[in-house]
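*Asks:* Each chain, written out:
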Amino acid sequence: MEISYNWLRELTDVSLPPRELAERLTMAGLAVDAVREAGEDFVLEFDLTSNRPDCLSHLGIAREAAALAGVGVRLPELTAKNVAGRAEEFTSVEIEDARLCPRYAARVVRGVKVAPSPEWLARRLQAIGQRPINNVADITNFVLHELGQPLHAFDLAKLTERRIVVRRARAGERIRTLDGAERELDTQMLVIADAARAVAVAGVMGGEETEISVATTDVLVESAYFDPQSVRRTSKALGLQTDASYRFERGVDYEGVRRAQDRSVALICEIAGGAATVDAIDVYPRRIEPPVVHLRPSRVEELTGLQVPAGESARILESLGFTPVAAGDDAEGKLFFSAPTWRTDVSIEEDLVEEVARLVGYEKIGESLPPSPVTGEYLAGDRRRRAARQVLTACGLSEAVNISFIDESNEGRFELLPGLQRVEGEGAFVKLSNPVVEGARLMRPTLLPGLLDSVRHNFNRGTRSVRLFETGRVFASSAEGDETASGEVETASDDIGKTAAGEGGGRPNEVEAFALVLTGEALEEGRAGGRELDFFDLKGALEAATDAMRVGELQFAPAAVRHLREGQSARILFGGAEVGALGRLDEDLAAAYKFRQPVYVAEVNLGALLAAGERPVRYAPLPRFPSVVRDVSLLAPRRAAFSEMRRAILSLGLEECRGVSLVDVYEGANVPEGKRSLTLRVEYRADDRTLRDEEVDSMHARVVAALEDKFGAQLRG
Amino acid sequence: MSSEVAGYRAQADSIREAFERKFERFARFLNKRINGENVVDVTEFNLSLEEAQAELRALSDLETWYVGRKSQLSALKKLIGKVSPEERSGFGQYLLLTQIAGTDKIAEVESNLQSYIWKKRSERERVDVTLPGRRPRRGHLHPITQLRQRIEDIFVSMGYAVEDGPEVETDFYNFTALNIPELHPARSPQDTFYTTGGLSLRSQTSTVQVHAMQRRRPPLRVIAPGRVFRRDTPDATHNPMFFQVEGLLVERGVQMGHLKGTLSEFVRRLFGAGTRTRFRPSYFPFTEPSMEADYSCFKCNGAGCRLCKGSGWIELGGSGMVHPNVLRAARINPDEFSGFAFGLGIDRMCGLMYELDDIRLLFENDVRFLEQF
Ligand SMILES: [Zn+2]
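From first to last, the protein sequence lines stand for chains A and B. As numbered in the numbering used here, residues 1 to 717 make up the first sequence, in order. As numbered in the numbering used here, residues 718 to 1090 make up the second sequence, in order.
The hints are all genuine.
Subject to a maximum C-alpha distance of 35 Å in a straight line, what follows is the list of computed DSBU-like cross-link-like pairs (lysine-lysine):
1) A/Lys236 x B/Lys1026
2) B/Lys1016 x A/Lys364
3) A/Lys364 x B/Lys1026
Some chain A residues close to chain B (C-beta under 7 Å, calculated; not the full set):
4) Tyr362
5) Ala400
6) Val401
7) Asn434
Calculated directly from the structure, the hints in this document are not laboratory data. Every residue gets a Cβ at the ideal spot worked out from N, C-alpha and C, and that includes glycine.
Sequences are here, hints too, so could you generate the full structure?
*Replies:* This is the structure we're talking about:
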């Protein structure tokens, strides 16, 4: 909103220069974004908070400036020069819906001459960015910006039966508004009508048919108070926001209705000539009483730390227009104030405390840290989350953050984390009813679509090696009476939802998930051309992360997974329970994303891993005797899993057999179809002596025999 | 001198002469005496590494020939015991001198050749230390995570507990409990996302206020970082999702001076000890009195620049004393406890700190972007 400095000075004696005034107002809560020089004048650009509609005018700002500077406010001339007759002789007003229109005043000026505005008036309006039209229209606009009350001028002769009816629009009723648009109204909307039809959308915009024109001689000036919510609804429904609706929907001064009307009528008589009626028809069936609010003077210090004597608090409030109200016998030291009728934002004691504090100045509040009766703590599991992130970045993965809603087309393409999966089906997912991006309605039940979109984004920009991870919530509807899915984000709502249904009920499952995506080469800084990443880079990164979180060992079981390629996919098991899946992206999905190179993805229920607790650290004494290793090279069927072989060796019951590791695996030339060559290294060690060669030989022979036996493996030379 | 000994000495002399002849090829590896000082410039040797190693082996052979166990000189030494006692010492001495005359030279050449070989080998094994280190390309934490962790660290050290709440919320927590009236524009589907089930995506982390007060009773201090959603069409300065941190403190006797002190301490820890703050009255439905906090621009230190639009100040966020209606919604008596709350925008701070020209970059996950942090 724009305020002219010169105009402001007509309403108050504030003598502060414009920039200083702007600074003072800003620090009192009326933020001035900019001060602009405009010829001999200055324009202050305000960015006001929504609770201060009373400041949407020069008078409003003048009141604040005057209170800050300790000076008075001067109201403009309200008396019409030339009066004749009573309003009821020329028109009538009937309010059909007093809830939507608590007050409506009409006053008439007869014999005006519509013409361009005098220069001073045009200049005032131009200074604040308004376009002059004609003297009568400009005067109503001028008074809106001067006093904050929107007005409307009708050509009285064009009102059927020259009367006003304030009513709701009839079904299908139409009106052509001043902007030339033909608008269809609904029965919720309040209109100003004459005997026959709607002639204005109440509080929003007037109609074209009763507009002031050069031919107009008799003017009906409307000044009213409309229900703010009704105006907001109408304005929104019509997609029509005006200076009037902006003010009505925030709340105007219901006691300022007549003053603004008188001001405009006085100006019309002065500028456009004519004679005003001596009075107005003012329909105001139920007087609105401003709230009386109490203030315990000690409350100011309790809430702000400012020591303000009771008398000073009262003085400040009175300077802002609050009226002291005599306290009853049970006042207990409380002061009582009636709020100014323009201050629709004030209703409780804390509001008065703020008024006192902002006039004293927030800068006067002394700073200190509150003494601490409590200790700080991180979110449960956060140390482990951070450890995992750290390790993943060390492994070369960067952290991605994707938007929580994804395109609906992703529904059903991915196998979800266990616990989300089981409620899959109609209504299983959380969907937005009002997406802002076309199609992006699905609250993501998996992190993978977002990460794959990120991969595609990078491919499209020429980056073919992409390694990303993401942590975040995934969503699925919770079935009625459903048990909390394991790993579900723990929140206060868990306790509340059960005790106070309606406050927390019906929320979906929010599960904390963790996902990885890898594709391209293993890069080294400053060097080009690295090894192509594969399944085992993905698995290794995942294991490194879970190890950093001190989660116990994960198991990987080959399995068919909807979004993964057969033969390169596995379910991830932890403590016997399924916690996710990993593998190479399925061909169909890859094709849909137009990926021409293998992409590896993993997704895990992070909440479940964290809930399982931390693997304890236990010290084991260092071996005192050296270990001996023996390698065994085998030709084994491809289906014989390494993990099975390892388990077979370790379960032979050889006390001194300490571990099995992989040396090499090879398939291809010189290896028969369906087989692979595998070299394992077995470690032997005793706690109480150095093992003799013969002892190791005999143990190793059993190991080899077991492998040959169980897996049909053949020893290679 | 007995003729026997004289003969032995003559034998020794001829062995030494033979040594000298054999040694001639190595003479060039000896030190030179210049101005009374022993000097050697091994670079003049002019041999390849392999040739130098061959020379060293030849030298070792010569040493064996001259003083080895099976050498003629060793054979002569065995005769010392057979010489008469009166001549024994003189003869022994003679043989020793003969031996030393050779071994000294051998040692000198060996040392010189050895250092030549080291030099040659070092030369051959020289690496270009400016080649790129074998440095696996590391990943980077998202800038929002990095800033969020710094903020968490600061507040945890000031006694705050990190809290969390649902992202899909009920009307009660998203609006009603926060004193946002029934017909407030923030509730409209223009501004807030709704699910088909009638829930909303939380439009501010303030939702965690009431959850936290219900879960922990006062005295309490919590911060709640997280995602929030507003129905903004994505453009260079808007995303429909962003990150906030909500702070809440409810204790006895808390007032605005504590809020000011807390926010000032926070910005000093985040942006440096010299950072100043400014507090202005403002309006939020869930606080009363309310205030807006500004901090002095970290780029121009308050002088005014493009980043702070010339004002020298940057908006930190909204704050204020918790509205009594909000305390009541959590069944806390506003006459017994007071509290303050504040909200900070992590993305917005990130955008300013790194001067991002397009905020959408934050969620595109372009690795060229992520690797800059
Ligand atoms: Zn700056």
